[in-house]
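Asks: So the protein sequences, as listed, match chains A and B.
Here my numbering is used: the first residue of the first sequence is 5, the next is one more, and so on.
Here my numbering is used: the first residue of the second sequence is 24, the next is one more, and so on.
Check each hint, because a few of them may be wrong.
Capping the alpha-carbon separation at 25 Å, the derived lysine to any residue pairs in SDA-like fashion look like this [stated by the list, open to error]: (1) B:Lys107 <-> B:Glu274; (2) A:Lys365 <-> A:Leu355; (3) A:Lys329 <-> A:Leu355; (4) A:Lys165 <-> B:Gln148; (5) B:Lys107 <-> A:Trp263; (6) B:Lys167 <-> A:Glu251; (7) B:Lys114 <-> B:Lys264; (8) A:Lys239 <-> B:Gly175; (9) B:Lys72 <-> B:Asp122; (10) B:Lys192 <-> B:Trp172; (11) A:Lys237 <-> B:Tyr296; (12) A:Lys239 <-> B:Glu193; (13) B:Lys167 <-> A:Ile271; (14) A:Lys364 <-> B:Glu147; (15) B:Lys264 <-> B:Asp234; (16) A:Lys165 <-> B:Leu126; (17) B:Lys167 <-> A:Gly313.
Pairwise CB distance ranges (calculated) [to be verified]: (18) A:Leu150 <-> B:Asp111: 35 to 43 Å; (19) A:Phe343 <-> B:Leu169: 36 to 44 Å; (20) A:Trp22 <-> B:Ser202: 35 to 43 Å; (21) B:Met237 <-> A:Ala227: 51 to 59 Å; (22) A:Trp139 <-> B:Arg196: 47 to 55 Å; (23) B:Leu169 <-> A:Glu212: 37 to 45 Å; (24) A:Arg163 <-> B:Arg186: 58 to 66 Å; (25) A:Asp199 <-> B:Trp166: 39 to 47 Å; (26) B:Ser202 <-> A:Leu150: 45 to 53 Å; (27) A:Trp22 <-> B:Gly56: 58 to 66 Å.
No lab work stands behind these hints, which were simulated from the structure alone.
Keep in mind the model is a prediction, meaning the values are calculated, not measured.
Where is the CB? At the ideal position from N, CA and C, for every residue including glycine.
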Amino acid sequence: MHKPLTLRILSSLDGKSWAALGAFLALALLVVPVLNLGTAEDSAFHISAYAITLIGKIMCYALVAIAMDLIWGYGGILSLGHGLFFALGGYAFGMYLMRQIGRDGSYGADIPDFMVFLDWKEIPWFWSGSDSFGWVALLVVLVPALVAFVFGYFAFRSRIKGVYFSIITQALTYAAMLLFFRNETGFGGNNGFTDFKRVLGHTITSPETRLVLFGLTALFLAATLIFAAWLVKSKFGRVLTAIRDAESRVMFIGYNPLWYKLTIWVISAVICGIAGALYVPQVGIINPSEMSPANSIEIAIWVAVGGRGTLIGPIIGAFVVNLAKSWFTVSFPEYWLFFLGLLFIVVTLMLPQGLVGLWKKLQEKNASRKGTAA
Amino acid sequence: MILENTLDDRPEGSDGADQMGHLVTGELDLSHGVALYLEDITVSFDGFKALNNLNLAINAGELRCIIGPNGAGKTTMMDVITGKTRPDSGKAFFGQSIDLTRLTEPEIAHVGIGRKFQKPTIFEQHTVFENLELAMKTDKRVWKSLMAWLAGDERDRIAETLRLIRLDKEADRQAGLLSHGQKQWLEIGMLLMQEPKLLLLDEPVAGMTDDETMRTAELFVSLAGKHSLVVVEHDMAFVEKLGGLVTVLHEGSVLAEGDLATVQNDQRVIEVYLGR
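With these hints in hand, go ahead and build the complete structure from the sequences.
Replies: Okay, here's the thing in structure tokens:
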């Protein structure tokens, strides 16, 4: 009667998806390192450090997009504050990276430069333990989880829904941004954290460290995808989409939507937090602008472009939009936001199911054409 | 066959556990024969009294029809029973011991009250089978749902209900694609999967063909005895077919009560329906 959990997880993806996932991991963990380290820089096969950082960064965004899709696409709850959880994870790990600088900062002090600048003499209490990787890894998970739990509990208990919920999340991340902008908050003010030197004792900019971070991000992306596939195919996932479609019916058949929403909300926040922690050492900076409302809105756009309510959609969306962004911001920097706005309008009006929906529609058309031909 | 099974061998509206004499607070106690008891319920919205000192008692195993013109308070009454609306004053008890005014919607569903909405409310994106699966009586907490895996007997129960509501051929179809009448039946099926003691049915045959309406009446009659049913309906042919007592609501309180013929000949009821 009880199918073991491992088997259930295995069956949550079909053969094709497992093969694609395997190919992706082989590419990220074998091909990319070989092409980065093993080829000459002028070779046509060489993958530059820039490309690795860019793809690594976008994989972090893809993680955030999956997290957003779980809550929005499957749960029907649009968060416009997911940048907050990403930033919290990033800041938590950034504390560790700041401590790893040691005495190599401009002031050569035992405490991070910005604290010297504030005339602080020692590490404040909330920084204690931040030199321990284990403790910080725990914070990366716990801080977003706790913030999400407390906020989510009160919001969902008060049955705040739809656009009201979206606006409150937007306000939440904005308030957090203002808080982190203050120097006295103790997180580097508007400069945030940067100039990292080492992670776990290894030089942070060395090609090997980059590749390890890149590989870890790829692994975590794959793991998150498998976990999310299992989650949405479980009965929990069916209850979640049922809440999205007819919440009152769910209540009247005896489920308490509060705990379902809260669970997926916290899971989503934790995925964002870990993504943020993987992002910061690769990009080399974290500052309060990550919490700006525009950033969180952009996350929703990735998901909308890719196709919400599917798991591959958000990943595609994150890649397409961000690759476009890095091209635009180099070639036509002043037009990027116009393009983003246009993209959102076009997707909302013409492609409600995003690129994945478009692909499915084209396939169906092809199939029916073949059907009539035969 | 199943229709017949639900009828027989039920001691008058009483549950096995109650006969054993166990009376745990929070468990349904039908020992006095009353399933639902509303006393002096008043609900007002911005000064308008949707319910005005409403009194109503439904016996265990009874099939009761509630009729009344629009705005008489029928839906508000169901909202009060299911915890969606809190009364300003009055008592609402399920059996002897369960105070409905203190419970939340999911808790009320758990103690055994199932509700069918006026507009069929099903999970349109899910298959018919999944709709019934989600409704099935079981531990509905998050952790259990994460680990849930349908057992053989649970599949059998779903299959049994599918036959009862005549949707066994549509099991894997997306529920949103069903006809209106089929959606109504699916919602009734979902209610039955919850194994409720009391079923509240708000206009269950709206949009059904005559044939479907008559079959629904047969189903409800067969369910009475094992379950208590409260049916809100405008279709008098359907009400007649159901038999049983009829309660007429008007302006938030009970205007008349009796069998359909008596009620239909009541002068006040005629006035209310024909207007003054």
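Asks: State for each hint whether it applies.
Replies: Now for the hints, and whether the structure bears them out:
| no. | hint | result |
| --- | --- | --- |
| 1 | B:Lys107 <-> B:Glu274 | holds, 20 Å |
| 2 | A:Lys365 <-> A:Leu355 | holds, 10 Å |
| 3 | A:Lys329 <-> A:Leu355 | holds, 20 Å |
| 4 | A:Lys165 <-> B:Gln148 | holds, 20 Å |
| 5 | B:Lys107 <-> A:Trp263 | holds, 18 Å |
| 6 | B:Lys167 <-> A:Glu251 | holds, 19 Å |
| 7 | B:Lys114 <-> B:Lys264 | violated, 32 Å |
| 8 | A:Lys239 <-> B:Gly175 | holds, 16 Å |
| 9 | B:Lys72 <-> B:Asp122 | holds, 22 Å |
| 10 | B:Lys192 <-> B:Trp172 | holds, 23 Å |
| 11 | A:Lys237 <-> B:Tyr296 | violated, 51 Å |
| 12 | A:Lys239 <-> B:Glu193 | holds, 20 Å |
| 13 | B:Lys167 <-> A:Ile271 | holds, 17 Å |
| 14 | A:Lys364 <-> B:Glu147 | holds, 20 Å |
| 15 | B:Lys264 <-> B:Asp234 | holds, 13 Å |
| 16 | A:Lys165 <-> B:Leu126 | holds, 22 Å |
| 17 | B:Lys167 <-> A:Gly313 | holds, 23 Å |
| 18 | A:Leu150 <-> B:Asp111: 35 to 43 Å | holds, 39 Å |
| 19 | A:Phe343 <-> B:Leu169: 36 to 44 Å | holds, 41 Å |
| 20 | A:Trp22 <-> B:Ser202: 35 to 43 Å | holds, 39 Å |
| 21 | B:Met237 <-> A:Ala227: 51 to 59 Å | holds, 56 Å |
| 22 | A:Trp139 <-> B:Arg196: 47 to 55 Å | holds, 53 Å |
| 23 | B:Leu169 <-> A:Glu212: 37 to 45 Å | holds, 39 Å |
| 24 | A:Arg163 <-> B:Arg186: 58 to 66 Å | violated, 37 Å |
| 25 | A:Asp199 <-> B:Trp166: 39 to 47 Å | holds, 44 Å |
| 26 | B:Ser202 <-> A:Leu150: 45 to 53 Å | holds, 48 Å |
| 27 | A:Trp22 <-> B:Gly56: 58 to 66 Å | holds, 60 Å |
Going down the numbered hints, you'll see the structure goes against 7, 11 and 24, while the others check out.
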